[in-house]
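The hints should help you fit chain B onto chain A, whose structure is shown.
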Amino acid sequence: RVSSDGKPPKFQPPPKPVIIDRKTQKEERRFLSPEFIPPRGRTDPLKYYMERKDMIQRRKVINIPEFYVGSVLAVTTADPCASDKSKRFVGICIQRGGKGLGATFVLRNVIEEQGVEICYELYSPRIQAIEVLKLEKRLDENLMYLRDALPEYSTFDVNMRPVPRMAHEEIPVNKLQVRMKPKPWSKRWERPKYNIKGIKFELPEHKMKAAQKWSQPWLEFDMLREYDTSKIEAKIRKELSEELEK
Amino acid sequence: MRLSVAAAISHGRVYRRFGLSPRSRLDLLRNLVTALVRHERIETPWARADEMRGYAERLIDYAKRGDKDERAMRMADFWLTEKDLIHKLFKVLAPRFQPHPGSYTRMLQIPNRDGLDRAKMAVIELKGNPLPPLVRPRRDSDKTLLNQLLKGYRQDAQRAA
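The listed protein sequences correspond, in order, to chains A and B.
Each residue of the first sequence is one higher than the last, beginning at 97 in the working numbering.
Each residue of the second sequence is one higher than the last, beginning at 242 in the working numbering.
Just chain A, same shape as in the assembly:
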């Protein structure tokens, strides 16, 4: 370098490294269990506040992991009749219902060619452990159509090992399209009211067109039916993080 006035050039400190803090970015996207969000209605928010306190108490005792509809879970419950006083059931979660302490989830599996569905309550004291064997999402929020699908889509190995998952990765969406048994089904899944994306319909064209007759295109524009939960969610997240740190 050519020095100005004969002295060594002025020391230029190296540019400061830009630290992108991944942890704080991921914190914003943390999972909030759907049963914490109160439904729209005229009930006193005090009821939901008290239920949330009890739910947090229970969560401090037992770890209820994050899971979605379409993930495979193993649940051990207490049972007085069993030899070990506990029973283990493995299945795919097809539905998550209820709000507050009565929140439930339904697990389905096919055991010895018999389809079995068990509805567990998340906060029941009889549940000893909930383990997520495979964490993934599906294209729909409700997989009740698996009852009318071929049994291979509902069978899961009872001694399945948990699928290892890298921490802080995006939850994979399984875009599986399920094949169905021949009609009649328990519900007319091709109708637009169910809005199912995870079935590979092999029905003839005229049947699919006839099902569209029941579509209600104006529902999407009915603004008063929308329930914006962003502010409520933010409040509940803050409450939860404060309580769980105690």
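In short, the hints are calculated from the structure, not lab data.
Careful: at least some of the hints might be erroneous.
Claimed, not checked - DSS-like cross-link-like pairs, simulated, lysine-lysine; straight-line CA separation at most 27 Å:
#, chain 1, residue 1, chain 2, residue 2
1, B, Lys368, B, Lys309
2, A, Lys303, A, Lys277
3, B, Lys305, A, Lys331
4, B, Lys305, B, Lys368
5, A, Lys277, A, Lys289
6, A, Lys293, A, Lys233
7, B, Lys305, A, Lys327
8, A, Lys181, A, Lys233
9, A, Lys327, B, Lys309
Frame of chain A; chain B shown alone:
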């Protein structure tokens, strides 16, 4: 077996039933919302005005998002049947209501309709409209006893100071 009583009970239902079908109800309310955006003050039966109020305010909330937003534009396109009003909604009404967080409409009951049905009518208007005000705020006259006493007190305080 009394089937008719159960059909008349509507516990917890929030949406009123208008017209021939749910589609027709939305069309009716859509016409009213368009008229409100065009004339900024309309007279309608009270029930229709009440139902329409929620939709009008949500439409303005959508318009506040800006016209670049895809969903806002689709909503405005559906709800306003006269397409020149979409421009008015995004360029005139959205900036007017930008500082306000909530209620953009005012609804007042007026005397029943003159026709045979004597329907309960209401006038619904957007706040900040250029028309003359519906309600003139009445100031208390200076000649009431309380105001005279207060005036005297103020004068005494000024003389003492």
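Problem - Contradicted hints - numbers only - result: Hint 8 is the one this structure does not satisfy, whereas the remaining hints hold.
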